[in-house]
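Enquirer: Could you build all of it, start to finish, from the sequences and the hints given here?
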Amino acid sequence: MRSRDRWQLPAAALLAAAAAAVWWRADLFTMELLAEVAILAIFTMSLQLLVGVTGMVSLGHAGFLAAGAYTTAAATLFWGWPPAAALVLSVAVAALLAAAAGLFVIRLSGVFFIMITLAVGQMFHAFFFRAQRFGGDNGLAGTPRIDLAALGLDSGAPGTFAAFALICAALVYLLLLLVTRSPFGMMLGAIHQNESRLASLGCPVRRYKLAAFTAAGAVAGVAGALTAQHTGFISPDLAFWTFSGEALIIVILGGSGSLAGAAAGAAVFVLLRDLLSSGSFWSGLSLPPELASHWQLFMGMLFIAVVLAARDGLYGRLAWLIEALHTRRRARR
Amino acid sequence: MSGDVLRAEGLYKSFGSLRVTDGVSLRLPAGCRHGLIGPNGAGKTTLFNLIGGEVKADAGCVFLAGRDLSGAPPDRRARAGLARSFQRNNLFAGLTVGENMALACALKRRIGHVFWRRAAGFTALRAEAEEHAARLGLADRFGEQVAGLGYGTQRQLEIGLALLQEPLVLLLDEPTAGMSPDETAAMVALLAGLPAELALVVIEHDMDVVFGLADRITVLDYGRVLIEGTAAEVRRSPEVRRRYLGAAGR
Ligand SMILES: Nc1ncnc2c1ncn2[C@@H]1O[C@H](COP(=O)(O)OP(=O)(O)OP(=O)(O)O)[C@@H](O)[C@H]1O
Ligand SMILES: [Mg+2]
Chain A
1 MRSRDRWQLP AAALLAAAAA AVWWRADLFT MELLAEVAIL AIFTMSLQLL
51 VGVTGMVSLG HAGFLAAGAY TTAAATLFWG WPPAAALVLS VAVAALLAAA
101 AGLFVIRLSG VFFIMITLAV GQMFHAFFFR AQRFGGDNGL AGTPRIDLAA
151 LGLDSGAPGT FAAFALICAA LVYLLLLLVT RSPFGMMLGA IHQNESRLAS
201 LGCPVRRYKL AAFTAAGAVA GVAGALTAQH TGFISPDLAF WTFSGEALII
251 VILGGSGSLA GAAAGAAVFV LLRDLLSSGS FWSGLSLPPE LASHWQLFMG
301 MLFIAVVLAA RDGLYGRLAW LIEALHTRRR ARR
Chain B
334 MSGDVLRAEG LYKSFGSLRV TDGVSLRLPA GCRHGLIGPN GAGKTTLFNL
384 IGGEVKADAG CVFLAGRDLS GAPPDRRARA GLARSFQRNN LFAGLTVGEN
434 MALACALKRR IGHVFWRRAA GFTALRAEAE EHAARLGLAD RFGEQVAGLG
484 YGTQRQLEIG LALLQEPLVL LLDEPTAGMS PDETAAMVAL LAGLPAELAL
534 VVIEHDMDVV FGLADRITVL DYGRVLIEGT AAEVRRSPEV RRRYLGAAGR
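Just so you know, the protein sequences line up as chains A and B, in that order.
For the first sequence, the working numbering gives the first residue as 1, with consecutive numbering after it.
For the second sequence, the working numbering gives the first residue as 334, with consecutive numbering after it.
Just the calculated beta-carbon pair ranges, DEER-fashion:
#: 1; chain 1: A; residue 1: 151; chain 2: B; residue 2: 389; range: 58 to 66 angstroms
#: 2; chain 1: A; residue 1: 312; chain 2: B; residue 2: 563; range: 52 to 60 angstroms
#: 3; chain 1: A; residue 1: 107; chain 2: B; residue 2: 446; range: 19 to 27 angstroms
#: 4; chain 1: B; residue 1: 454; chain 2: A; residue 2: 110; range: 31 to 39 angstroms
#: 5; chain 1: B; residue 1: 351; chain 2: A; residue 2: 309; range: 46 to 54 angstroms
#: 6; chain 1: A; residue 1: 329; chain 2: B; residue 2: 389; range: 57 to 65 angstroms
#: 7; chain 1: B; residue 1: 348; chain 2: A; residue 2: 330; range: 58 to 66 angstroms
#: 8; chain 1: A; residue 1: 107; chain 2: B; residue 2: 392; range: 20 to 28 angstroms
#: 9; chain 1: B; residue 1: 400; chain 2: A; residue 2: 109; range: 25 to 33 angstroms
#: 10; chain 1: B; residue 1: 522; chain 2: A; residue 2: 324; range: 45 to 53 angstroms
#: 11; chain 1: B; residue 1: 563; chain 2: A; residue 2: 110; range: 46 to 54 angstroms
Treat the hints as calculated values from the structure; they're not laboratory data.
For each residue, glycine too, the CB sits at the ideal point set by N, CA and C.
Expert: Listed below in structure tokens is the structure:
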């Protein structure tokens, strides 16, 4: 597991290069997908900090994403804030809410932690569902995108916004990479391994868990703000537990606490969903196009297959690939 | 009396109806070498757990260097200067020997919260971990994953982590258990070379090790202190002979 860590940066670089290459040639629709991948990657990387790094399996993480999205919507639509300032506020609000929820949830672990985070996430959903000011269950449309006119760019253009989202994802990746490789990140990894011994060595484990939970919530807030900007639309569905569950599956698929793995998982998820839910894909295989409406079933089967075939997740496979290429090139020399 | 670096007063603990610690007090002056012996199930490990805070006492208090730590969690006690090793190896099995040591070093140096700098940038951390590995005879295992190490080597690391904390009080729970004679000899030599001002308590079933190391000994039996005294006094005590030394036969 550790020796694979050295492929973390190469794997991320490979992903970034792939994203850039796709962006270079992409049509408008693909640009939308790219932006979605980038935003989902920010979300899954933030969850990876909890799940893969610290060993805190949260099933309510989407609550903080939704909090970020609603904050951006409220600040821009109700108070006329510029989207950039709203983004900062979204992060602060998500962090605060995560800290407040964290005070309670970090006292539990294992299945109890999963259950209480599920409950917290559903509380967010219930709140937004009833919030008439935000359109209740209908949600709210019209959140503006960030103003890039100062750079001579129009964020309304899919390509521009996709690039903006990808750059945000890259920055989040670098930030989280720094955190996971810092002494603090070492402690989080050790909490995952043996929490009680770490406490006996003098680590205030609860405080560190609270910090991790808050940081992950803050980054989820970034993903939320960008979601509101991207689609212009927010709804309580953003907080629903199935979204948290999807992110959790992506993180597990991504593998072994790796940030690059979580990002790769997000890309695979969005692209597969797009592929499997299009009728033309199925008719191209001479299969009934109605299968497209069952895309979740096929996605589930694929995920099971991947998890069975690659215990170490996408990152493990990616690292294996890079390692193989590396040794082959050395052998040729 | 005020010179005692650790003072545990009237500790009680029951698990259900089983009274495992029954009014135990322990005073350790700086620099003491204390042995804690008693038959299996006497409550030795539980006493460590009560002092370390891993198990909450039903009654009683613990003072460390004059500070009342009675209700404090284990991490606060550790930061106040208490370190312990565990009867069963209790390590970070997925990490390397070096990473295990770096954790203890980072916590001792109070840099565990630093999230804005790479751990690799703290060269002193690695240097100290390497130096300690050498002292423990683990230098050639530095980069190996703990899960893959033999039992004796893991045991050395178990003790090594506690030593790394540079504590005022060190509690070792059967440090040589399961070690080969060579490894035991090396451990005894290591313990003999510990800083003079450190207060050391060792739970040990190997009587040669205990009597060779300790200047005072506490004998626990059914959660009570049977006798506390110098090694010679304990050795002479007919009750100890009858109840413990004779029975254990070691
Ligand atoms: N968490 C617990 N729950 C219930 N009973 C416990 C617990 N911990 C210890 N005991 C019981 O308390 C008694 C004392 O246990 P303890 O581990 O302190 O003994 P010990 O003196 O260290 O013995 P040994 O020499 O075998 O290590 C035993 O009967 C044990 O079964
Ligand atoms: Mg014991």
